[in-house]
Structure formats: C-alpha cells, structure tokens
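Colleague: Spelled out, the chains give:
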Amino acid sequence: MKATFAIAPNFHCKGSWSDRLLVQGSDGWRAPNGEELAALTTQPPADDGSCIFLFSVPMHLRSRFWAMLNEEAAEGQGDFISFSDDVAAFLTFKDFAPPADAVCELLVQDAAGQVATADMWGLINFGEEPVQLAFADLQLRLDAGEGCRLIANATADVVPPAGEELNVLYAIRTGVAADDASAG
Amino acid sequence: MISADQVGPLELLVVQPTPFCNLDCTYCYLPDRLDKRKITFETLEKTFNWVFSSGLVTQPFTLLWHAGEPMVLPASFYEQATVLLEKCNTSGFPITQSFQTNATLVNDAWCDFIRRRNIQLGVSVDGPAFLNDRHRVVRNGGGTLDRVLRGMQKLREHEIFFDVITVLTSASLDYPDELYDFYIEHGITDVAFNVEEIEGPHVTSSLAGVGMEARFRRFYSRFMDLAFQSDPPLRVREFEASRNSIAHREELSQRTQECRPFGILNVDCAGNFSTYSPELLGLSSPRLGSFALGNVATDTLESILAMPRFIALDDEIRRGVEACKESCPYYPFCGGGPPGNKYFENGDFATTETLSCRLHKKATFDIALDKFERLKAMM
Numbered sequence: 001m002k003a004t005f006a007i008a009p010n011f012h013c014k015g016s017w018s019d020r021l022l023v024q025g026s027d028g029w030r031a032p033n034g035e036e037l038a039a040l041t042t043q044p045p046a047d048d049g050s051c052i053f054l055f056s057v058p059m060h061l062r063s064r065f066w067a068m069l070n071e072e073a074a075e076g077q078g079d080f081i082s083f084s085d086d087v088a089a090f091l092t093f094k095d096f097a098p099p100a101d102a103v104c105e106l107l108v109q110d111a112a113g114q115v116a117t118a119d120m121w122g123l124i125n126f127g128e129e130p131v132q133l134a135f136a137d138l139q140l141r142l143d144a145g146e147g148c149r150l151i152a153n154a155t156a157d158v159v160p161p162a163g164e165e166l167n168v169l170y171a172i173r174t175g176v177a178a179d180d181a182s183a184g
Numbered sequence: 001m002i003s004a005d006q007v008g009p010l011e012l013l014v015v016q017p018t019p020f021c022n023l024d025c026t027y028c029y030l031p032d033r034l035d036k037r038k039i040t041f042e043t044l045e046k047t048f049n050w051v052f053s054s055g056l057v058t059q060p061f062t063l064l065w066h067a068g069e070p071m072v073l074p075a076s077f078y079e080q081a082t083v084l085l086e087k088c089n090t091s092g093f094p095i096t097q098s099f100q101t102n103a104t105l106v107n108d109a110w111c112d113f114i115r116r117r118n119i120q121l122g123v124s125v126d127g128p129a130f131l132n133d134r135h136r137v138v139r140n141g142g143g144t145l146d147r148v149l150r151g152m153q154k155l156r157e158h159e160i161f162f163d164v165i166t167v168l169t170s171a172s173l174d175y176p177d178e179l180y181d182f183y184i185e186h187g188i189t190d191v192a193f194n195v196e197e198i199e200g201p202h203v204t205s206s207l208a209g210v211g212m213e214a215r216f217r218r219f220y221s222r223f224m225d226l227a228f229q230s231d232p233p234l235r236v237r238e239f240e241a242s243r244n245s246i247a248h249r250e251e252l253s254q255r256t257q258e259c260r261p262f263g264i265l266n267v268d269c270a271g272n273f274s275t276y277s278p279e280l281l282g283l284s285s286p287r288l289g290s291f292a293l294g295n296v297a298t299d300t301l302e303s304i305l306a307m308p309r310f311i312a313l314d315d316e317i318r319r320g321v322e323a324c325k326e327s328c329p330y331y332p333f334c335g336g337g338p339p340g341n342k343y344f345e346n347g348d349f350a351t352t353e354t355l356s357c358r359l360h361k362k363a364t365f366d367i368a369l370d371k372f373e374r375l376k377a378m379m
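Same order as they appear, the protein sequences are chains S and W.
Heads up: the first sequence runs through residues 1 to 184, numbered per the working numbering.
Heads up: the second sequence runs through residues 1 to 379, numbered per the working numbering.
In short, the hints are calculated from the structure, not lab data.
From the three backbone atoms N, C-alpha and C, an ideal C-beta is built for every residue, glycine too.
Worth double-checking, as some hints may not be accurate.
Claimed, not checked - Pairwise CB distance ranges, derived in the manner of DEER restraints:
(1) Ala377/W to Ala136/S: 47 to 55 Å
(2) Tyr330/W to Glu71/S: 40 to 48 Å
(3) Asp225/W to Glu71/S: 15 to 23 Å
(4) Pro286/W to Asn10/S: 37 to 45 Å
(5) Asp112/W to Glu71/S: 42 to 50 Å
(6) Glu129/S to Ala377/W: 51 to 59 Å
(7) Pro201/W to Gln77/S: 52 to 60 Å
What the hints assert, rightly or not - Using 30 Å as the maximum straight-line C-alpha spacing, the simulated DSBU-like pairs for lysine-lysine come out as follows:
(8) Lys94/S to Lys376/W
(9) Lys87/W to Lys36/W
(10) Lys371/W to Lys94/S
(11) Lys46/W to Lys94/S
(12) Lys154/W to Lys14/S
(13) Lys376/W to Lys362/W
(14) Lys38/W to Lys154/W
(15) Lys36/W to Lys46/W
(16) Lys362/W to Lys325/W
Let the sequences and hints guide you as you build the complete structure.
Modeller: Listed below in structure tokens is the structure:
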C-alpha cells in the first residue's frame, strides 16, 4: 500500500509537498510530478489512522529542548520527563495527543546508526538539519522542528546523516522502547 | 437635558485624520476605507478648541489618531498638528498622543517624529503569515505581513517601543503556541487581543459559532500559560485588565469610559463627532438616527446635552448599563458591556450580553482568576 500524507489538523507547516517528498525514479530520487503528488497527498481528513501526518513543534519547545540538553551536559539536571510533559501538553492542545501509554526517548543517530520505527507513534526532528524518512519507494523530509505521525502499515526508516552530521530525534513509541531502538 | 456635571471627564479623544486605509482587512468595521479625504488644519483647530473650551478636560487625556490608517498622512502633518494641539491646549494638562497603525508605512521620518514627540504606538498584526495574511490583506487580496515586519524592524532600529493588537478569529484559536513564538521572535513584549467583533458593516464573526467560547477559553488559557513562562513575562492587556479590575473593583462599578457620555469623544475628518464606542462614528440607526451628534464647527457641548436624540441615546445606553448591573455577576469587574457591541449585535443599547462580553470580558476574567488561584496555591 502506498502511504498518503497530510498536514495534521490544527498544525501549520511551511513549504510544499513537492519540495519535501521524493519518489524513486528510474534515475534515482526525484520530486513527484503533479499526478503523483495528487495520489500521495490529501487534505487533512478525520484521523482514521490511515494517513501519515506531518506536524511542527513551536520554536519555544525547540529552545526548551536544547536548554534541557545544555542543563544535562552542564550539571546533569536536564529534566527530560518535564520536557516530555510539555511536548505532550502541546500535542494534546492540538487534539493530537500521543497514546496514553506512549514512551518518549531522545535519539541521536550518526552515519552508522539505525533507528527502529516499528513501534513508533511519531518522530520529531529537534536537530537543526533536515532528516529524511524513507518509505518503500519514497522519502519524506522533516525540516528542523517538524514531526511525523507514522502509521502501522507504512514502515519507515530514518536515513542516517552523512559524514559527521547527527540526526537529533525525539521518538514517541506506543509501548516500551525496544532494546534495539538506540542509535549507533 | 443632561447636565454638564453628568458627562466626562474626557479620557480619550479619537481623531480620524483620514477614513482611508491602505489595507482592506476582511473583518474591518470602518465603512469608508476607500475615502481619501483628510482632516484640514482648520477642522483640527476647531476640534481642539471645542475640546478645550467644553469643560470636559479636567485631567490628562489621550489623543488617539485612528479610524483609518493614520500613517497614510505624512509625519510632517502630525508635526503641524502637534504644534496646533499645543497652541490650543489651555488646560495645562499633558496630552498623550497615540497612533494605532498597521505599520506598513513606517519610515525614518515617522520614527524621528515618534521619538521626538514621545508618541505611543500600537501596531496591528495578527501573528505569523498563515494567520495574519488570511485577513489582513491589501485590495488585491495579497498578504501584508512582510510589510508590517519591515515597519516593526524600522521601529526597533530606532529603539521605539510599541505594543501589538492581534485580532483573534476562529482560525487563530488553534495556534496559541505559534502566536507566542511570533511575539517572542519579533521582540514583542506587550500584546492585546481583540476578538473579531460584529460591528457596523462587519455583520458576522467567525467566533460566533457553536463551541467557539470553549475554544476561545482553551486558547487563552494555553496562551497565558506560555506568557507566564517567558522571561520576562509577556504582558497581555486582557490579563492586566482582569488583574486591575480585581484590584479596583469599587472604581470599576461606575460607568466605564465607553458607557459614560463624553468619556470618549470621536471626531471624524469632517469634524462630525460622537461619543461612547468609537465604532459608532460614521454609522447610523434607523431608530436613533446618526450616531454623529454634531460638528465641532457648529455645535456646542451644551447644545448636544439638550438634544433629544442624544438624550434618547444616553437613556438607552444607561438602561443597558443598569441591565448589566442587575443581571451580570461580572458587572463589578466590568462596569457594563461596550455599547457599540450591544447595538450591533442586539439592535438595542438597552441590552446586556454580547459576543465581546462572553469572550473578551468573561472568559478572560475567569481564566485570569483561575491562574491567580493556581499561583496562590503554589505559594
């Protein structure tokens, strides 16, 4: 099944789908044409779980994320639980609450790292650089501060960053994080 | 006849330098935004002389240039107007000048004038482009945020403080975080929220639908939580008003500026004047006639106070305030709903609750009270 994409209701994301999606062509990855875009994207529907939702987190949460990491690095006082509560409060306000038993984790992925996504409700790019999510025959770019609510039947891989770059990700999992979820 | 001691004192003089606006916001209540007339210095002098000879000036007041985009006229116009004001001001009280502007026409000359004359400035902007440019548009429908941001940047370069008024529509209510980000990103420290009101030619509001009050409350509560978190806290006019109304409950149980005759004087570019809600100027009622009561060139305050049309208008507004007093538990903190909203929504000044009351007064007050109680519990 081909995944369909939409901006999550009550969210605003900059840019266009033609700019953020790539499809597998005969000569490699390319931007989708109009017909492909029409098939791949949709207006925000009622959330019946069939659609991959793109969303964005506000700058104040992104600043808070980095402040938390700095506090952790400096004094070991970074409060990830409190930060996760703030993320949950924001998503809940948007009527986009993660499952009640969701578990959140910080992932830092390097060029050799793998990220398990099978039990992932959603993923947020808290880094400053774009992150590519690869589905069967297409890719979705998550810009800084953007997130994606995944669906069960469209497995995604997080494309490792090139060279010395790191992907800085916030994963929301639907259950206890799998042992192999940590990045390389 | 209403006696002179029952009116005023003047707190706000609203002068319309021109009805014209270079923007065409979808929710605007001003009826003549394409009208390029401008007030003459002769009319302005008559206005100032009328004000200072009326007996209404017994304390300092604010002169607000509004009801059209004031910056359509050059800063040099207001420089001359300021000289005229100083010449006519026989009261000895300092007069604060204030501009409510869309900021798209701010330039160095304006900044120089604003700084030199210590002008208070309010900028109208509705947040990030996806919100602002939905309603705050030019006549070809194009968005305006880029121009507003250029104006705000120019003000900041000249170290000019300004506050911001944002009109909330139904679309805004899902985006408190995005609005908060916008204010922080652009160095805005003082925010006022207006709600999209039903006024004059703007006969509907996106906030009038079912469930909107609950959405508004949710929005405002979330926004205030964010505003408290910022360092320094983002000041929100509605929250400060709630705080003041709790602190000064006894004073607010009197008729408010907007409900009291000649607490506000509104003068259009031709010298016609009204009182009570500024939105009434330029409009009329089939039942009560024009809300313009007279002209600064021809009518004295005494003649207005004896005018049956004014007496009927004041009586209806007074009955509306009395009805608020008798029926509304928020009255001690409010002093009566805005007459303009009552008329435009209910067709009668002698009525009580409006959309503006429900959202702008009651909801914001309840949420402020809730936040105070939570803060108190934490102390």
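Colleague: So which of those numbered hints doesn't the model satisfy?
Modeller: 6 and 11
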